[in-house]
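K.L.:
Sequence:
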Amino acid sequence: MIIENVLPKDYAEMLSVWENSVRATHDFISDEDIEFFKPIIMEHAFPSVTLRCIKNNNGAILGFIGVLNQKIEMLFILNKARGEGIGTALLTYAVNELNAESVDVNEQNPEAVGFYQHMGFKVESRSELDDMGKPFPILHMKL
1 MIIENVLPKD
11 YAEMLSVWEN
21 SVRATHDFIS
31 DEDIEFFKPI
41 IMEHAFPSVT
51 LRCIKNNNGA
61 ILGFIGVLNQ
71 KIEMLFILNK
81 ARGEGIGTAL
91 LTYAVNELNA
101 ESVDVNEQNP
111 EAVGFYQHMG
121 FKVESRSELD
131 DMGKPFPILH
141 MKL
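FYI, in the UniProt record's numbering the residues of the sequence shown are 1 to 143.
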């Protein structure tokens, strides 16, 4: 798997990967919430983090990771590509090359919590609300 830099021209495709992944793994997030987050992700989140992605042989993005100040801000994998080692490869890269050492995870996404625990992260604290003040409890995890 080749980990590549992300360019702004990739943002629209990455947003599609994000939505596909969220719909598959975040059943607690409504359609209205998804629509609320889309412009924030495109206009603020993507431009503010160091992004890397993995593409298939046709150049389509299968997954991406975003890191800011040693914190994983986003890791999303296309649902049909889950279980193929893409998340592990991106997370390992972020830890080894971008010095990532912490992540916030939706408590209501037990698969993600388990993935990060399997990769060595431990829960340090919990917040009742996410960064946008929405009632999605967050687990603050650290290596």
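What the hints contain is simulated information worked out from the structure, not anything from laboratory work. Watch out, some of these pointers could steer you wrong.
[What the hints assert, rightly or not] Label-pair restraints from in silico Cβ distances:
| hint | residue 1 | residue 2 | range |
| --- | --- | --- | --- |
| 1 | Pro47 | Asn99 | 38 to 46 Å |
| 2 | Asp130 | Pro47 | 28 to 36 Å |
| 3 | Pro8 | Arg126 | 17 to 25 Å |
| 4 | Asn99 | Glu4 | 18 to 26 Å |
| 5 | Gly85 | Glu128 | 31 to 39 Å |
| 6 | Asn99 | Arg23 | 12 to 20 Å |
| 7 | Ser125 | Glu4 | 30 to 38 Å |
Note that this is a predicted model, so its numbers are computed, not measured. Ideal Cβ positions, reconstructed from N, Cα and C, are used throughout, including at glycine.
K.L.:
Would you mind marking each hint as holding or not holding in the structure?
P.N.:
Cross-check of the supplied hints:
no. : hint                       : verdict
1   : Pro47 - Asn99: 38 to 46 Å  : violated, 20 Å
2   : Asp130 - Pro47: 28 to 36 Å : violated, 20 Å
3   : Pro8 - Arg126: 17 to 25 Å  : violated, 34 Å
4   : Asn99 - Glu4: 18 to 26 Å   : holds, 19 Å
5   : Gly85 - Glu128: 31 to 39 Å : holds, 34 Å
6   : Asn99 - Arg23: 12 to 20 Å  : violated, 31 Å
7   : Ser125 - Glu4: 30 to 38 Å  : holds, 33 Å
This entry does not satisfy hints 1, 2, 3, 6, going by the numbered hints stated previously.
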